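Number of protein chains: 2
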Amino acid sequence: MQALVYTDTQKLVYREEKNPKVVNGESIVKVFASGICGSDMHAYHGKDNRRIPPLILGHEISGTIDKGKFAGKKVILNPLITCGECEYCKNNREHLCNKRIILGMNKPIERQGGFAEYVSIPDKNIYELPKDLKINEAPIAEPCAVALHAVELGEKKILKSLKDSKVLLIGAGAIGLLCGLILSKVKNCKNIVIVDPNDKRLKESLKYLDADGVKPDSKLIINDNFDIVFDTVGLEVTRQQAIRSISPGGIIIHIGLTQPSGPFDFRKATLQEITFIGTYCYTNKDFEKTLQILNNKKIGSLDWIEYRALREGASAFKEIHDNACSAPKIILTT
Amino acid sequence: MQALVYTDTQKLVYREEKNPKVVNGESIVKVFASGICGSDMHAYHGKDNRRIPPLILGHEISGTIDKGKFAGKKVILNPLITCGECEYCKNNREHLCNKRIILGMNKPIERQGGFAEYVSIPDKNIYELPKDLKINEAPIAEPCAVALHAVELGEKKILKSLKDSKVLLIGAGAIGLLCGLILSKVKNCKNIVIVDPNDKRLKESLKYLDADGVKPDSKLIINDNFDIVFDTVGLEVTRQQAIRSISPGGIIIHIGLTQPSGPFDFRKATLQEITFIGTYCYTNKDFEKTLQILNNKKIGSLDWIEYRALREGASAFKEIHDNACSAPKIILTT
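In order, the protein sequence lines correspond to chains Z and W. So the first sequence is numbered by the numbering used here: it starts at 1 and just counts up by one. So the second sequence is numbered by the numbering used here: it starts at 1 and just counts up by one.
Hints listed in this document are in silico derivations from the structure and should not be mistaken for laboratory results.
Where chains are identical, the list cannot tell them apart; a pair therefore holds if satisfied intra-copy or between any two copies.
Here are the simulated PhoX-like cross-link-like pairs (lysine-lysine), alpha carbons at most 20 angstroms apart as the crow flies:
no. : residue 1 : residue 2
1   : LYS268    : LYS107
2   : LYS268    : LYS47
3   : LYS156    : LYS190
4   : LYS166    : LYS90
None of the values given here were measured: they were computed from a predicted structure.
Using the sequences and the hints given, assemble the complete structure.
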């Protein structure tokens, strides 16, 4: 098969690779579309110790079953593969299973990803494509499940309702925009500020999201003001913005992984009873709920997705790297 | 009146001071006993910008009403004075009121503390001493309310019950011990490890608390193991121990304020969905519930409290500073 292979830091090569082998309990999927995630970019920058080249990246995948129980069916994949037997898996917290792996990773266990013509995946991770969700748009289900999980983590912990909460979204990438769309269109949140230093991306997001879009130095980002802050970037500078702008008793939801450690104002967190929750995945239920949300067009038009041919994937990665891209999400199609 | 006055970094002088004036809506309390808190030590070390010398410290106070509506009554004081009118105060979260002040602070507003013969306090902050609580022991209600609030914050957020949770308590000072006693005796928690580098203090705590008491390098402090960790110290090194030892999906309750900022493993917090909650105070309801707990002897003997004369207060502060003190709490009596 042809595949886009991550061969070295900032290097991707479209080349011939071996087809995945048929494994018991798994199916081979003919990939139709596969989205580029922030974590793929993290790998591309040579900063992800779970994704070591050579490797086929990509875990936001739709396609058609080529070999397996449901051959011929159009499907969307849940790329989070868990053991099914541990305490977490048995208690609907599969995303915390300590044997979990995601497609397009090779540490500790190899699982080739979706930037290829074919990919292998356990049958239990396969969902039939809902009838009103287009196969090219379907890979958005994966980051949308991440965003839904993050929003609902906040919803469970916040004392007032999300509807009446002042929200700050840091980052207008796919996760920031998807959190915003879920907050606005599913949770009826009326008071959203979204911040991003990239003007083009901010403008693109505001075509779809009912929010105030601002640069990081905006006067709308008032200190001690927001009931809930979503940091979808995870840089030192965004975490500092999060802790500055959160109100007493407020909640910070931290989804980004850009800088893994760094300082934090623990004094404010302590004196003002701030809750900080890290998150980056979703449960099986979140994934199923996301498919319903998308099938019912609950988050509106997905025209903010940009499509490129898989064989041109290297230039898409380069454009994202160069910050030359306004689209919050690029999906590669075979 | 005589008072123990904080006059400069690591200096306390027992000397004559002006009596507090009678103010409308307040009472003058003849102090019987007043406990030394970690935050008083923080001030003593010149590190608290809310407590600038000269100042009478102390906010864990019992006594008798000298002048006021309830003259002659034995009382215990809730030292947290709030506006009563803001959104927080009206929603049972008085501890987050942004006009809140505590006795024994002078920034932004001056409120002399309890290391004196007399102290003035709003009537609404006065509670009658419950009949089975001794007046010398009563100041422990304040740190006990801090611990109760912290434990119940954890209890509200944890998915399994506290009873079945593996708990790590960092620090065997008053807050660590009180959290432990509430967890063990009120919440029926069976699986507690308490860690402190101070052997004497650890041994003293273990006379009262059913837990494994260990030094920070112990093999019992297993990585990714504890469902909930209470960091009652708030040093960089204790926060790092907290994030290392917390299990996926677990909760860190951060009560200490020793080092106000510093690095943190946000990668683990994000990948493992860790919840970090800062806390250092309590609501009025917590304070009332604490008085019932103490009155009903629910946390057992309070013989771990050590008593000194107020006039000898300077040497008590010095001993705590020198780490020469095994008692988790020293209370000064007039």
